[in-house]
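*Asks:* If you want the building blocks of each chain, they are given just below.
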Amino acid sequence: MLFEPFTDVVPSFWGWLNQGPLTLTIFLHTVIILPMFWIYFQEKKRLGKK
Amino acid sequence: MLTSIKSHKLQYEGQKLGMMYFRVALVLFGAQLLMGLIAAYQFINPDFLYGIFDFNVARMVHINALVVWLLYAMIGSVYMMTPEETGQEVVGVGLGKLAFWVLTLAVAVVVVVYIFIQIGPGKESTIWLINEGREYIEAPRWADIGIVVVVLIFYFNIFATYMKGERTGIMTVMVADLLALAGLYLAGVFYTDNVSMDQYWWWWVVHLWVEATWEVFVGTLAGFALLKVIKAKREIIEMWLWIEVLMLFGSGILGLGHHYFWIGTPEYWWEIGALFSALEPVPLVAMFVHVIYDWGKEQGAHGGSPVINNGPTMAWVTINAFGNFLGAGIWGFFHTLPQVNVYTHGTQFTAAHGHLAFFGAYASVLIGMFYYGIQKAYGIEKLKATFNSKMAIVLITFGVIGMTVALTIAGYEQVLVERAELGAGWDPYFTAQALPWMKQAMAWRMIMGVVTFVGFVYLFIDLLTIGKKEANN
Amino acid sequence: MENGQSVWTSIRFWRRSAAWVTGFASALLILLTFDTMGQIKMGTDEDLQKGITKRVPAPTVINHHIDYKYSKKRGHEVPVIGDKEPFFGKEWSPKEARALLHKGKLTVQAKNCINCHTILGNGAYYAPDLTKSWLDPKWKQLMAMTNSKTKEEAMAKFLQHPEKYPTHARRMPNLKITPEEAQAVVAFLKHLSTIDTNGFPRGFSKGVKEFEAGGTYAH
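Residue numbers (this note's numbering), protein chains in the order written: chain A, 1 to 50; chain B, 1001 to 1473; chain C, 2001 to 2219.
In case anyone wonders, no lab produced these hints; they're calculated from the structure.
Note that the structure is a prediction, hence the values are computed from the model and not measured.
For every residue, glycine included, the Cβ atom is placed at its ideal position computed from N, Cα and C.
One should not assume that every hint holds.
[What the hints assert, rightly or not] To be clear about the criterion: a stretch of chain B counts as covered by chain C if any three or more of its residues have a C-beta under 8 Å from a C-beta of chain C, and this derived list gives those stretches:
| no. | segment |
| --- | --- |
| 1 | 1289–1297 |
| 2 | 1316–1329 |
| 3 | 1365–1374 |
| 4 | 1421–1433 |
[To be verified] Below, simulated BS3-like cross-link-like pairs (lysine-lysine); rule was C-alpha separation at most 30 Å, straight line:
| no. | chain 1 | residue 1 | chain 2 | residue 2 |
| --- | --- | --- | --- | --- |
| 5 | B | 1097 | B | 1469 |
| 6 | B | 1233 | B | 1384 |
| 7 | C | 2072 | C | 2041 |
| 8 | B | 1233 | B | 1009 |
| 9 | B | 1439 | C | 2209 |
| 10 | C | 2072 | B | 1009 |
| 11 | B | 1469 | A | 45 |
| 12 | B | 1439 | C | 2206 |
| 13 | A | 44 | B | 1233 |
| 14 | B | 1123 | C | 2072 |
| 15 | C | 2095 | B | 1439 |
| 16 | C | 2157 | C | 2140 |
| 17 | B | 1123 | C | 2209 |
| 18 | A | 49 | B | 1233 |
| 19 | C | 2090 | B | 1123 |
| 20 | C | 2072 | B | 1439 |
| 21 | A | 50 | B | 1123 |
| 22 | B | 1382 | C | 2041 |
| 23 | B | 1228 | B | 1097 |
| 24 | B | 1439 | C | 2090 |
| 25 | C | 2206 | B | 1123 |
Assemble the whole structure, with the sequences as input and the hints as a guide.
*Replies:* This is the structure in structure tokens:
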């Protein structure tokens, strides 16, 4: 029962992601935050060179 | 404030224009509170002005005066800070002054129509001429067009000044934020028969203003005020400002989802709305605490006593930092989860959140800017709080918190009785409204509203007199 | 702060992160908006006849019986569009229904309804929520008060002269609603009750049953 069958009126990509526990919001947070690691390490490299 | 525009102390014409905006803002603030008192009293005595000046009119003017005075104060604040940040006179001040008068005339006409004509027949002409009937953006379509034109002039002035002068980090955030703020208004200027579609785009204006662009705006303003009032370090302010932009836009933009739970939009918004926007106000408090900590440390190291060169502004910015956290943050998070919101949506709970958030996040810091303007206009080195300033701070803050607590109690009662127990509808609504818990809460809301209004009277007198009084000292 | 070596105190790092997050969140919102727009677009009369469920059905839904029932699959109440029934004594063509809904929505805006009521939960809190007002059991009582044969007739009469039919100390004022406007507003409200609101207001159908059993919300 952790992953529910699709119940919303119209099927869609976002609705599909929404079927598990917090899966949609975790997905969105991840794709937003992940590239910040890249920005972080790029910045670290830049500061190290100084 | 009365003689502030004739003052020779203001170096820049742009700042005089800022003071003009502040004066109208203050008057509209008073109008907002008066209308709120009428509406609050109608909750207690529904026969009051029944059929003459009904609740819907009082409430419409109450919330519209709020939005318009905040916008006036915001425009005024930008005109105050732009010359100081860029080191440039505002480009196109003459045009800016013309825009000010056009806007003020339009606002006056809209208010007169609201108060005396109130409603129209169910035709397009009503939407164009009398009122659009959409909460917060009731202004008729002709006024919408006027607002867009005036805002374009304002934005051009600020942008051109920014390009010409020094481009500080604070100004960069401000200029970018203002563009988004102005552009979003367009999402609310259209008509559709589909009420779900209508509310979808209506929230683009209301939410993306109040919970995204306006929040970044006040962050910028609070940063500027701290910079000037306690000479905070620019690097600390700018670093936190970018963190604010990151957190506020990162969570606020998709946080829009918490308005899309029940208006006909798909279920996936539940999850998006539930968790985004939860972290919004954290960086605002963090910046304030960091700045104050650093300031105390620095001052202590030099062995001198800490310097605050504008007492009232500092007090209102402090109220802003914590009021924003409590009102927007805590009170907002109370009912942002869909599991809770399915019961709290459309109850006095929302009103409680609205009162504390608008005051804590916006009104407070803008009142602080009024005092900053006065300090500049009268060329006062160190503006100290008078008895009136202190009374205003205490009474307004206490009054708004009191109203919020009363409305929260009313909200709990309404949620449990009308929604959870009886399942909503005509009789459930009135059953909940008739309970003593609701009636007592509404009486306390009225009392606290009066306290707030008395505080406003002190504020009004103080703003009119403090400049002259302190300048002579 | 003096230690410029740490990334965590680097203004550049936060500025770039802020730009990325803002831009990407905006892009996501736009994608989501496209998806939602498709889902909340008003359905057509054809959808209704074929029994295709739409979140916002066609205006001709006013020709149908409407209910709001618990759905085991969805886990909350959903609007149920039933058999045809006359609305103001007739069946409305797609064109007529659209015109009626248009007038109704305009009237709801022109009369400033949302500064007392809420619609889909948004508005003011001085009067009941209108989302499922078409289904409110209270109209039975109003039918008797207004001497009407149908619910829609009672609603239209009430809307034109609310001051004549007070049910509580807090009364709705007369908003100079004409007979045509009243009919249109009733159509708007009936259409409103068919929008799939993901189960808001929750427990409404249970309340209706209790009310109909006892004629009142006893407590």
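*Asks:* Now look at each hint and say whether the structure bears it out.
*Replies:* Here is what the structure says about each hint:
1. With a threshold of 8 Å between beta carbons, the proposed coverage of the segment 1289–1297 of chain B by chain C is violated, since 1 of its residues qualify and at least three are required.
2. Using a Cβ-Cβ cut-off of 8 Å, 0 residues of the segment 1316–1329 of chain B lie near chain C, which falls short of the minimum of three, so the contact claim is violated.
3. With a cut-off of 8 Å between beta carbons, the segment 1365–1374 of chain B has 0 residues touching chain C; three or more are needed, and the interface restraint is violated.
4. Given a C-beta distance limit of less than 8 Å, the hint that chain C covers the segment 1421–1433 of chain B holds, as 12 residues qualify and 3 suffice.
5. Between the alpha carbons of residue 1097/B and residue 1469/B the distance comes to roughly 28 Å, so the proposed pair stays at or under 30 Å and holds.
6. Distance restraint check for residue 1233/B and residue 1384/B: the Cα-Cα separation of roughly 22 Å lies within the 30 Å cut-off, and the hinted pair is therefore satisfied.
7. A hinted pair counts as satisfied when its Cα atoms are at most 30 Å apart, and residue 2072/C with residue 2041/C qualifies at roughly 25 Å.
8. For the proposed pair residue 1233/B and residue 1009/B, the alpha carbon gap of about 26 Å is at most 30 Å, so the pair holds.
9. The hinted pair formed by residue 1439/B and residue 2209/C meets the criterion: a straight-line CA distance of about 28 Å does not exceed 30 Å.
10. For the hint linking residue 2072/C to residue 1009/B, the alpha-carbon distance of about 71 Å lies beyond 30 Å, and the restraint is violated.
11. Our distance criterion of 30 Å between C-alpha atoms is broken by residue 1469/B and residue 45/A, whose separation comes to about 56 Å.
12. Of the pairs offered as hints, the one joining residue 1439/B and residue 2206/C holds, with about 27 Å between alpha carbons and a cut-off of 30 Å not exceeded.
13. At roughly 24 Å between alpha-carbon atoms, residue 44/A and residue 1233/B fall within 30 Å of each other, so this suggested pair holds.
14. Proximity of residue 1123/B to residue 2072/C is assessed by CA-CA distance (about 42 Å); at most 30 Å being required, the pair is judged violated.
15. As the CA atoms of residue 2095/C and residue 1439/B are separated by approximately 47 Å, the hinted pair breaks the 30 Å bound.
16. At roughly 13 Å between alpha-carbon atoms, residue 2157/C and residue 2140/C fall within 30 Å of each other, so this suggested pair holds.
17. Taking the CA atoms of residue 1123/B and residue 2209/C, the gap is near 38 Å; set against the 30 Å cutoff, the hint is violated.
18. The hinted pair formed by residue 49/A and residue 1233/B meets the criterion: a straight-line CA distance of about 26 Å does not exceed 30 Å.
19. Between residue 2090/C and residue 1123/B the alpha-carbon distance is near 24 Å, which keeps this suggested pair within the 30 Å criterion.
20. With a C-alpha separation of about 38 Å, the suggested pairing of residue 2072/C with residue 1439/B is violated against the 30 Å cut-off.
21. As the CA atoms of residue 50/A and residue 1123/B are separated by approximately 68 Å, the hinted pair breaks the 30 Å bound.
22. Only pairs whose Cα atoms come within 30 Å are accepted, and residue 1382/B paired with residue 2041/C is rejected, the gap being roughly 59 Å.
23. Among the hinted pairs, residue 1228/B with residue 1097/B is consistent with the structure: their alpha-carbon atoms are about 26 Å apart, no more than 30 Å.
24. Straight-line distance between C-alpha atoms of residue 1439/B and residue 2090/C comes to about 45 Å, which puts the hinted pair past the 30 Å bound.
25. Restraint check for residue 2206/C and residue 1123/B: the C-alpha separation of about 38 Å exceeds 30 Å, so the hint is violated.
In this structure, the earlier hints numbered 1, 2, 3, 10, 11, 14, 15, 17, 20, 21, 22, 24 and 25 are contradicted, and the remaining ones agree with it.
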